[in-house]
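Peer 1: So you can see what is in the structure, the chains are spelled out below.
Number of protein chains: 2
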Amino acid sequence: MTPSVRVIPNAATRAVSLLRTIQYTHPPSCPCHSNPNHHHHHIPPAPTFTPRPLRTSGASSARRYATPAEPLKEYAFEMAASSIRFGPGSTQEVGLDLKNMGANRVAVVTDPTVDRLVAMDQVRQSLDREGISYRVYNSTRVEPKDSSVRHAIDWARPYAPDVFLAVGGGSVIDTAKLMNLYSCYPDADFLDFVNAPIGRGLPVDKPLKPLIAVPTTAGTGSETTGTAIFDLVERRAKTGVAHRNLKPTLGICDPLNTATMPAAVKAASGLDVLCHALESWTAIPYNQRVPRPNNPINRPAYQGANPISDVFSFHALRSTIKYLPRAIRNPDDHEAQSEMLLAATLAGVGFGNAGVHLCHGMSYPISGQNPTQYRHPGYDVPHPLIPHGVSVAVTAPAVFRFTAASNPERHLAAAEVFGVDVSRVRKEDVGAVLADAIAKFLADLGDQPNGIKALGFTSADVDALVEGTLPQRRVLMLAPALEDDVQREREQLRALFENAMTHH
Amino acid sequence: MTPSVRVIPNAATRAVSLLRTIQYTHPPSCPCHSNPNHHHHHIPPAPTFTPRPLRTSGASSARRYATPAEPLKEYAFEMAASSIRFGPGSTQEVGLDLKNMGANRVAVVTDPTVDRLVAMDQVRQSLDREGISYRVYNSTRVEPKDSSVRHAIDWARPYAPDVFLAVGGGSVIDTAKLMNLYSCYPDADFLDFVNAPIGRGLPVDKPLKPLIAVPTTAGTGSETTGTAIFDLVERRAKTGVAHRNLKPTLGICDPLNTATMPAAVKAASGLDVLCHALESWTAIPYNQRVPRPNNPINRPAYQGANPISDVFSFHALRSTIKYLPRAIRNPDDHEAQSEMLLAATLAGVGFGNAGVHLCHGMSYPISGQNPTQYRHPGYDVPHPLIPHGVSVAVTAPAVFRFTAASNPERHLAAAEVFGVDVSRVRKEDVGAVLADAIAKFLADLGDQPNGIKALGFTSADVDALVEGTLPQRRVLMLAPALEDDVQREREQLRALFENAMTHH
Numbered sequence: 001m002t003p004s005v006r007v008i009p010n011a012a013t014r015a016v017s018l019l020r021t022i023q024y025t026h027p028p029s030c031p032c033h034s035n036p037n038h039h040h041h042h043i044p045p046a047p048t049f050t051p052r053p054l055r056t057s058g059a060s061s062a063r064r065y066a067t068p069a070e071p072l073k074e075y076a077f078e079m080a081a082s083s084i085r086f087g088p089g090s091t092q093e094v095g096l097d098l099k100n101m102g103a104n105r106v107a108v109v110t111d112p113t114v115d116r117l118v119a120m121d122q123v124r125q126s127l128d129r130e131g132i133s134y135r136v137y138n139s140t141r142v143e144p145k146d147s148s149v150r151h152a153i154d155w156a157r158p159y160a161p162d163v164f165l166a167v168g169g170g171s172v173i174d175t176a177k178l179m180n181l182y183s184c185y186p187d188a189d190f191l192d193f194v195n196a197p198i199g200r201g202l203p204v205d206k207p208l209k210p211l212i213a214v215p216t217t218a219g220t221g222s223e224t225t226g227t228a229i230f231d232l233v234e235r236r237a238k239t240g241v242a243h244r245n246l247k248p249t250l251g252i253c254d255p256l257n258t259a260t261m262p263a264a265v266k267a268a269s270g271l272d273v274l275c276h277a278l279e280s281w282t283a284i285p286y287n288q289r290v291p292r293p294n295n296p297i298n299r300p301a302y303q304g305a306n307p308i309s310d311v312f313s314f315h316a317l318r319s320t321i322k323y324l325p326r327a328i329r330n331p332d333d334h335e336a337q338s339e340m341l342l343a344a345t346l347a348g349v350g351f352g353n354a355g356v357h358l359c360h361g362m363s364y365p366i367s368g369q370n371p372t373q374y375r376h377p378g379y380d381v382p383h384p385l386i387p388h389g390v391s392v393a394v395t396a397p398a399v400f401r402f403t404a405a406s407n408p409e410r411h412l413a414a415a416e417v418f419g420v421d422v423s424r425v426r427k428e429d430v431g432a433v434l435a436d437a438i439a440k441f442l443a444d445l446g447d448q449p450n451g452i453k454a455l456g457f458t459s460a461d462v463d464a465l466v467e468g469t470l471p472q473r474r475v476l477m478l479a480p481a482l483e484d485d486v487q488r489e490r491e492q493l494r495a496l497f498e499n500a501m502t503h504h
Numbered sequence: 001m002t003p004s005v006r007v008i009p010n011a012a013t014r015a016v017s018l019l020r021t022i023q024y025t026h027p028p029s030c031p032c033h034s035n036p037n038h039h040h041h042h043i044p045p046a047p048t049f050t051p052r053p054l055r056t057s058g059a060s061s062a063r064r065y066a067t068p069a070e071p072l073k074e075y076a077f078e079m080a081a082s083s084i085r086f087g088p089g090s091t092q093e094v095g096l097d098l099k100n101m102g103a104n105r106v107a108v109v110t111d112p113t114v115d116r117l118v119a120m121d122q123v124r125q126s127l128d129r130e131g132i133s134y135r136v137y138n139s140t141r142v143e144p145k146d147s148s149v150r151h152a153i154d155w156a157r158p159y160a161p162d163v164f165l166a167v168g169g170g171s172v173i174d175t176a177k178l179m180n181l182y183s184c185y186p187d188a189d190f191l192d193f194v195n196a197p198i199g200r201g202l203p204v205d206k207p208l209k210p211l212i213a214v215p216t217t218a219g220t221g222s223e224t225t226g227t228a229i230f231d232l233v234e235r236r237a238k239t240g241v242a243h244r245n246l247k248p249t250l251g252i253c254d255p256l257n258t259a260t261m262p263a264a265v266k267a268a269s270g271l272d273v274l275c276h277a278l279e280s281w282t283a284i285p286y287n288q289r290v291p292r293p294n295n296p297i298n299r300p301a302y303q304g305a306n307p308i309s310d311v312f313s314f315h316a317l318r319s320t321i322k323y324l325p326r327a328i329r330n331p332d333d334h335e336a337q338s339e340m341l342l343a344a345t346l347a348g349v350g351f352g353n354a355g356v357h358l359c360h361g362m363s364y365p366i367s368g369q370n371p372t373q374y375r376h377p378g379y380d381v382p383h384p385l386i387p388h389g390v391s392v393a394v395t396a397p398a399v400f401r402f403t404a405a406s407n408p409e410r411h412l413a414a415a416e417v418f419g420v421d422v423s424r425v426r427k428e429d430v431g432a433v434l435a436d437a438i439a440k441f442l443a444d445l446g447d448q449p450n451g452i453k454a455l456g457f458t459s460a461d462v463d464a465l466v467e468g469t470l471p472q473r474r475v476l477m478l479a480p481a482l483e484d485d486v487q488r489e490r491e492q493l494r495a496l497f498e499n500a501m502t503h504h
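These protein sequence lines map, in sequence, to chains A and B.
For the first sequence, position 378 (counting from the first letter as 1) is numbered 378 according to full-length UniProt numbering, and the numbering increases by one without interruption.
For the second sequence, position 15 (counting from the first letter as 1) is numbered 15 according to full-length UniProt numbering, and the numbering increases by one without interruption.
Keep in mind that the hints were calculated from the coordinates and are not lab data.
There could be a bad hint or two in this list.
Which copy is meant is left open, because identical chains are indistinguishable; a pair holds if it fits in one copy or across any two.
As the list claims (entries may be wrong) - As a list, the in silico DSS-like pairs of lysine-lysine whose alpha-carbon atoms are at most 27 Å apart:
#: 1; residue 1: K73; residue 2: K99
#: 2; residue 1: K440; residue 2: K145
#: 3; residue 1: K99; residue 2: K206
#: 4; residue 1: K322; residue 2: K209
#: 5; residue 1: K440; residue 2: K209
#: 6; residue 1: K440; residue 2: K322
None of these values were measured; they are calculated from a predicted model.
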């Protein structure tokens, strides 16, 4: 191997620091960015710069200085996160929180499994102790469908809660967000707020009721984000609603609650964290996203990598690689469990503001189509299931091999965190090096499929997988190295699924 | 020099990662912590652990398992921050933000200087364009006093704004927070919410009106915190109000607004950022703070260093050391200006949740007493002035020489960021090494006093300085290495001020 020229030696911190300089403030140095306007200076020349938001709506009218062929790129980013409380036993404080808020009609949202665990026991004790009036909805479905979400909304609307309290994993917290949203908009059509192009993607233009989220898995980071995901069965698509106003008021992260996760759930949840971190770290920079919004309310939560999300995402990446194997291996390793819960939350803040891209976009048809009725080992559910985290991570080697050319420095910094000696990696080898590191990490965890073939997919399924991925515009628009032309994009996705059949 | 045993070689990241492990999860290893209960495991043994918040109020009743002589230590931390929008020109979006919120009585708070600058020009244009009804209060005082704050409150109460919009430095944003607070509590006594023991320190038990903050300096980070500071003249003390509910709804960080800062203001503001980062990074860990609150509403915003604040504080430290000298030297270095604004905001999130300690506690009497009517060069004000950032940084070499023994690893990691080769530093030399690095950094900036003697203080002033520091309990309680006994604490503070006479 010959020594690399552009690659920063050793310390990840220095790489990160330099990368930010390169990525956000200097002319293009990445081979794949041939467009000379692909990178922007932080502060463009003053007179032509001033971005004046227009009052009319619609994407095209937002382009003030640009012809339709050259939409204006984004120039700002916005960082929003729930308040986070972290501490073993902090679940018991929730009754006082509700009392402090003056709550007297609390909708406690959970699922049948969590309803029997220590988390719900602590919640009930705490609410009862403070004399809080509440009702429990425990019919949330793992990997919610529109039908299960509608069922939950139908329960919530007549009760008219003044506060929502979600106790569970991402499915529960996401369902509670949607219950809150559609209770506050009683006349809205179900598709009004669902992400375009599947739904109408309307912004949530008023504050919702307070939502407190108590996660019982260390995975989705849903306690900090404004995103809620579900299966829209008639469209055979995973979709959702994403707006800052959906985010919980407070996330109570209590490591005693995640201690109840079986090892398989720990692994799948932790792989979701890994991909949240890797995808948001490598998403296109916010200032390459188009179009610039015409009103700040239209700035998406998933806005591309930015200097604040970077801090969260990279930190979460380091923690996950360090602590996830320990957390799975040893249920008594409280430090590792606790650090994984923290990593999940920090990654949530990172991707909640930067977004995810290909692993997540491709995971939705993987989980949804499941052609051989695969049921993941260690999951005690009465139906076939490719857990979300598994479906996300299974394509990660192929995805990052593909995206590495868009930003070799960032991908190399990630490879270094996996323990790779990156001092002599050539730029053109970065993708392969990172892919191998991820594949090895997955293999070492145990019980992870060695590609989508192991989940029952064959080449005959690839077209359907591609068609199931294409509607995920919200995440695909953040994918580096993906081309604008839809035919070309289709080919790229097809190649990605083929390459994801087995890890090399 | 002999090689150090406990010190981590080179990469700051590794040090940080390891330090967190040491600090939060392992038995004591610091020489100054002889109390075996000084460090806590993340997850204590289950049955004795469960922290049950009590409903009765008062610090002593919070101690469930402890005798009065052994108050229970904190076991959780809470992270809250304003939403942050960052981008050059983003000030122009504020009219649409207000419109989106349905605002129709906006109190725009600024000061006479900022009222003539580009920031206020952009704000007026934006509000006028959207047809927002507003009034401007431009009489905010730099380094506010209770009288100027009362004046502002008296203006706000009859106007009864539905949204506050602060455009200016920390003084303006802090004043706007207090206008908001006391407008929402029209019957409150001025001292009700002021930090104890000077005021009654009542918690802010309901949400206030929305506050949007547009900082025009890169310093206080007030756009992200729930803290408001002012001089209480009758008590000759800097004090303030600190509660999460005071924090702005949104901080709009626009590098075009900070470009108008004179070099001297850039330097002083940036030194405030430096100390926010250093102090919050070295504050006592949250789980060594006593007492554990009896209700989460009583958990202070300044709760000690915690794993999330660490990420922010250390990142801000690196940015400040890298970019502040460039930002001061060259007003056209837009990258450095922009990075300093970002660092100020990130440091705000860090110290806003972890707190500051000795530099800030000691700065209040330094600024307030100013015995020789010192006026800092480059400040165009009609009265004597030791700028806040100058009064904070001037004691930093003495402070960190003193605190280093409490946690040599963290102090060494900080020294490394200043560019010191730390590979051969002995543990007992860490304080001196960091002090020298800070003193050199200050000297290289230019126009910084070489200690408090250069600000006009002599040994005859030390008693008054100590007495002016002692009431700052909220920050002193977070100071590492400070003793509980008030006589001993007095001696320690006296020594600190004497050592701060000149930088060694």
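Peer 1: None of the hints should be skipped; say for each whether it holds.
Peer 2: Hint check results:
1. K73 x K99: between (45 Å within a copy, 24 Å between copies)
2. K440 x K145: neither (33 Å within a copy, 61 Å between copies)
3. K99 x K206: This pair counts as both: shortest intra-copy Cα distance 24 Å, inter-copy 12 Å.
4. K322 x K209: Neither: 37 Å inside a copy, 43 Å across copies.
5. K440 x K209: neither (44 Å within a copy, 52 Å between copies)
6. K440 x K322: Classified as within: same-chain Cα gap 14 Å, cross-chain 37 Å, threshold 27 Å.
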